[in-house]
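Chemist: So you can see what is in the structure, the chains are spelled out below.
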Amino acid sequence: MDILGLDYTTLRVIWWLLLGILLIGWAVMDGFDLGVGTLLPFVAKTDDERRRVINTVGPVWEGNQVWLVLGGGAIFAAWPPLYAVSFSGFYLAIFAMLFGLILRPVAFKYRSKMPGKRWRATWDWALFVGGLVPALIASVAVGNVLLGVPYHFDDSMRIFYTGSFFGLLTPFALLAGLVGVTMMVAHGAAMLVLKTDGAVADRAVRYGSIAALLCFVLFALGGAWVAFGLPGYQITSQVVTDGPTNPLLKTVEVGTAAGGWLRNYSSMPLTLVFPVLGLAGALASFALLRARRGMAAFLASGASIAGIILTVGFAIFPFLLPSSSQPGVSLTVWDSSSSQLTLFIMLVATVIFLPIVLAYTGWVYRVMKGKTTAEDMADNPNAY
Amino acid sequence: MIDSTVVELSRLQFALTAMYHFLFVPLTLGLSFLVAIMESVYVMTRKPVWRQMTFFWGTLFGINFAIGVATGLVMEFQFGMNWSYYSHYVGDIFGAPLAIEGLMAFFLEATLVGLFFFGWKRLSPVKHLAVTWFMALGTNLSAVWILIANGWMQNPTGAVFNPDTMRMEVVDFAAVLFNPVAQAKFVHTVSAGYVTGAIFVMGISAFYLLRNKHKDMARRSFAVAAAFGLLSSVSVVVLGDESGYAASEHQKMKLAAIEAMWETERAPADFTAFGIPNQRTQQNDFQIRIPYLMGLIATRSFNQPIPGILELVERAEHRIKGGQLAYGAMERIRKDKNDLEAREMFDRHWQDLGHGLLLKRYRDDILNATPEEIAKAAMDTVPRVAPLFWTFRIMAALGFYLIAFFAVAFYFSCRNNFQDKRWFLRLAVWSIPVPWIAIECGWFVAEYGRQPWAVDGVLPTFYAASGLALHQILTTLAVFTALYTVLLVIEIKLLLKTIRTGPDDILPSLQPSRTPLPHIAAAPAPGQA
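Order-wise, the sequence lines are chains A and B.
Counting with numbering that gives the first Met the number 0, you get residues 0 to 383 for the letters of the first sequence.
Counting with numbering that gives the first Met the number 0, you get residues 0 to 528 for the letters of the second sequence.
Only chain A is shown next, with the shape it has when bound in the complex (with noise of 0.2 Å):
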């Protein structure tokens, strides 16, 4: 059955890869808000210093934030059971990052309502923990995906989740996070490089050539870890791409050497392409950065940031979330999705929708474009 020439198995894959979309678009244009949190206390020493580093990502950050909600709204609406799954057995973790973001909202638009020391202090603290603790545990997520996670359903697609807060730091877990907070690091350091000048960008430039070199590392690290260290898993039952939504139909196997998770690169060699661009685009941020080119380096990070996201979706693709208790019960692309149906109206919906978005978006840069100087705080009440 198609609805308009789309057949279920071309919208699984197109909402496969609009997933990819959206977690980029999360990851490329919060990562630098995230980043330049985390940076604050290092970057920025004076009051006014930081009320610089604040006000550059001020006036857009709010809209940048959306693409986290529409990523978490995406996954229900496209991804029923990976939303379920993930947000009920990461629980503390996301609650942890949910306590992060919203700290955040209220620290931007409070710090500088009031002149006390404590009081800006406190919400300096706050923007940093806003910024850290999501792009960590976004990335340890990540990390877990890689490693699988242990869950089951029952035969009403009950989820009963077996791990435990603690279980999901493990060291590679803990490698991607790493990964993920230098990459925003540099993202971030990236926007302070382009948007402010004098002591803050010098700052910037040596903080933000260090995460991004260190991205670089980690990121190779982790792909040795990967190809030597993780089995990867595989469908072993036949593959039926169009079938009804039910992860219970099929079996799984955990591989038997490591380097599993390789085998989509070796059988479709074009998709190193992603690994390169991850690596090389963390390789010239940190050469942009130290030459001072903020345009360039952010567009280096954020060509990195897509690298390294769709490194790891090509790797594990069909899958999106194995599970290690019952590797059978795996939630896979073709088994995790809405109905045809809805698949279909979102996908229109995001035709004509995210467009529109991207447009006002752009025009919203091109107002705001220029260094963030203490004469625009100064004029504007308003300013954080």
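Since the hints were made in silico from the structure, they are not lab data.
Be aware that one or more of the hints could be misleading.
Below, in silico cross-link-like pairs of lysine-lysine (DSSO-like), each with a Cα-Cα straight-line distance of 27 Å or less [claimed, not checked]:
no.	chain 1	residue 1	chain 2	residue 2
1	B	LYS214	B	LYS496
2	B	LYS46	B	LYS214
3	A	LYS370	A	LYS44
4	A	LYS370	B	LYS126
5	B	LYS496	A	LYS116
6	B	LYS492	A	LYS116
7	B	LYS320	B	LYS359
8	B	LYS375	B	LYS251
9	B	LYS496	B	LYS212
10	B	LYS334	B	LYS320
11	B	LYS126	A	LYS368
12	A	LYS370	B	LYS120
13	B	LYS336	A	LYS249
14	B	LYS375	B	LYS320
15	A	LYS368	B	LYS120
16	B	LYS126	B	LYS46
17	B	LYS251	B	LYS320
18	B	LYS334	B	LYS359
19	A	LYS249	B	LYS334
Just a sample of chain B residues kept apart from chain A, beta carbon distances all over 10 Å, derived [said to hold, decoys possible]:
no.	residue
20	LEU128
21	PRO386
22	VAL433
23	TRP435
24	SER465
25	THR480
According to the in silico footprint, chain A covers these stretches of chain B (three or more CB under 8 Å from chain A) [what the hints assert, rightly or not]:
no.	stretch
26	76–86
27	97–106
28	467–475
These numbers come from a predicted model, not from an experiment.
Glycine is no exception: its CB is placed at the ideal position from the N, C-alpha and C atoms.
For this one, chain A is given, so just place chain B on it according to the hints.
Modeler: Just chain B now, kept in the frame of chain A:
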């Protein structure tokens, strides 16, 4: 079996977050339009006082907006966190409006709110005005989609249960969009938001007028808000969502519970203005009734009867038995996908499946339920009557008070003599909390009245929860409660500080200035000086 403590705590957490979130959203809805109206007058007349008004109310809007955004994120995530079976079971329908809300509305609102605050010098007045209007549009479109999602929980149309995937799936998206309950809710809810914004502006303006401060600004703000508030408050009540209650079986139960109407009465039914509902004896211990009013409100007719609670319980019992048949057929389909007889049986009874699930509270093998258990499950479809009866009456009374209040305010502002009516100005200040009380009561009636269902007739609440460990939910509940409390205190403190400081010190210069102005925070508040 599902741990009932976890379910109750999950409910508590959801209610807490939703009601907390809804302290901020209505003000955002109302203020965004009021600010847009004020800025429009500024752009048309170019009188600086209107610009000052835009800026002052805009600042308060911003303080309020921040927490609204923060709690909105929790709202979206907690479906998956605390209600994972719900997310699986109805995600195919419920997720779509949430995602479209992000795409169509929240992106617009959140992207432009930055430009609203930071774009004054970078945009021409007309362009800035356009930004403000689109931001207001975004906030209101947001409400459309959220209430489509919520409306579906109250009246789930356009979807069927698919035994192959064990969940509800969309078959008619237009029915989800044009759900009459969702439409009634949308108008009712955003109007309530406008009323909140209007009262907020009038109360603070009255405060200034009483103190003889910022009179120019306060007078105009008061007049604008009075007109806006009168229209909105009439719309809240007239287009209240009671008309939607006739739409489905459980909405009828909610209506009967709100009215504490145990037995079906001859049409048109009487309205119980005051009463003491007794859940145990299933009657009212004392009541004062207004003849015919109830039937008119609920059915807009003289001859349509409204079913009472006990009649609805009987119907529920019948549906529970149907649900057992559907459940049995579903189990057979799961064993053998090609069992056509079972499929036919399922198709005949699937709409009662949700009622069958009510038995899961008493036993897992619901096909073997005893008649007593079925009777108990049927009785479970009755929400607690007394809290609904009372919160609804508080809400309605405050609604009528607000219409009267705005009517008087509008009359005074037409005669332009409200500045001299000090008693009324004082009343306006004291009326600031009224819409919030009404709104929270409204949410309570709508969602508590939905119990025992998460989705009316489809999925019982206790069956929808995640299988969390007790320590997990206790941790999040404790931290959220503490965080919400702290943030609420800080928000109120900042609002009060901004109000005391007044509009003079937070007006930006039109021209780029060479000498840095003292920042708002550094300026002493005149109220304290």
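Chemist: Work down the list of hints and note, for each, if the structure agrees.
Modeler: Do the hints match the structure? See the list:
Our distance criterion of 27 Å between C-alpha atoms is met by LYS214 of chain B and LYS496 of chain B, whose separation comes to about 19 Å. A threshold of 27 Å between alpha carbons decides the hint, and for LYS46 of chain B with LYS214 of chain B the separation of about 15 Å falls inside it, so the pair holds. Restraint check for LYS370 of chain A and LYS44 of chain A: the C-alpha separation of about 19 Å stays at or below 27 Å, so the hint holds. The hinted pair formed by LYS370 of chain A and LYS126 of chain B meets the criterion: a straight-line CA distance of about 22 Å does not exceed 27 Å.
With a C-alpha separation of about 17 Å, the suggested pair LYS496 of chain B and LYS116 of chain A falls inside the 27 Å cut-off, and the hint holds. Our distance criterion of 27 Å between C-alpha atoms is met by LYS492 of chain B and LYS116 of chain A, whose separation comes to about 17 Å. Proximity of LYS320 of chain B to LYS359 of chain B is assessed by CA-CA distance (about 13 Å); at most 27 Å being required, the pair is judged to hold. A threshold of 27 Å between alpha carbons decides the hint, and for LYS375 of chain B with LYS251 of chain B the separation of about 20 Å falls inside it, so the pair holds.
Under the criterion of a C-alpha separation no larger than 27 Å, the hint pairing LYS496 of chain B with LYS212 of chain B is consistent with the structure, at around 15 Å. For the hint linking LYS334 of chain B to LYS320 of chain B, the alpha-carbon distance of about 22 Å falls within 27 Å, and the restraint holds. As the CA atoms of LYS126 of chain B and LYS368 of chain A are separated by approximately 17 Å, the hinted pair is consistent with the 27 Å bound. A hinted pair counts as satisfied when its Cα atoms are at most 27 Å apart, and LYS370 of chain A with LYS120 of chain B qualifies at roughly 15 Å.
For the suggested pair LYS336 of chain B and LYS249 of chain A, the alpha carbons sit about 15 Å apart, so the restraint of at most 27 Å is met. Between LYS375 of chain B and LYS320 of chain B the alpha-carbon distance is near 13 Å, which keeps this suggested pair within the 27 Å criterion. A distance of roughly 13 Å separates the Cα atoms of LYS368 of chain A and LYS120 of chain B; the hinted pair therefore holds under the 27 Å criterion. Restraint check for LYS126 of chain B and LYS46 of chain B: the C-alpha separation of about 17 Å stays at or below 27 Å, so the hint holds.
Distance hint between LYS251 of chain B and LYS320 of chain B is fulfilled; the C-alpha atoms sit about 20 Å from each other, no more than 27 Å. The straight-line distance between the Cα atoms of LYS334 of chain B and LYS359 of chain B is roughly 20 Å, inside the 27 Å bound, and the hint therefore holds. Using a Cα cut-off of 27 Å, the hinted pair LYS249 of chain A and LYS334 of chain B holds, with the two alpha carbons roughly 16 Å apart. Remark: the non-interface label on LEU128 of chain B is consistent with the geometry, its nearest Cβ contact in chain A lying 14 Å away (cut-off 10 Å).
Against chain A, the non-interface label of PRO386 of chain B holds: every CB pair exceeds 10 Å, the least being about 29 Å. The beta carbon of VAL433 of chain B is kept farther than 10 Å from every beta carbon of chain A, the shortest such distance being approximately 26 Å. Non-interface call for TRP435 of chain B relative to chain A: holds, since the shortest CB-CB distance, roughly 20 Å, exceeds 10 Å. Distance check on SER465 of chain B: its Cβ comes as close as 4 Å (rounded) to a Cβ of chain A, failing to clear the 10 Å threshold; non-interface status is violated.
Every beta carbon of chain A lies more than 10 Å from that of THR480 of chain B, the smallest distance being close to 13 Å; the non-interface claim holds. Using a Cβ-Cβ cut-off of 8 Å, 8 residues of the stretch 76–86 of chain B lie near chain A, which meets the minimum of three, so the contact claim holds. Counting residues of the stretch 97–106 of chain B whose C-beta sits closer than 8 Å to any C-beta of chain A gives 9, which meets the bar of three, so the coverage hint holds. Coverage of the stretch 467–475 of chain B by chain A holds in this model, with 4 residues showing a Cβ closer than 8 Å to a Cβ of that chain against a need of three.
Checked against the numbered hints given earlier, this structure breaks only hint 24.
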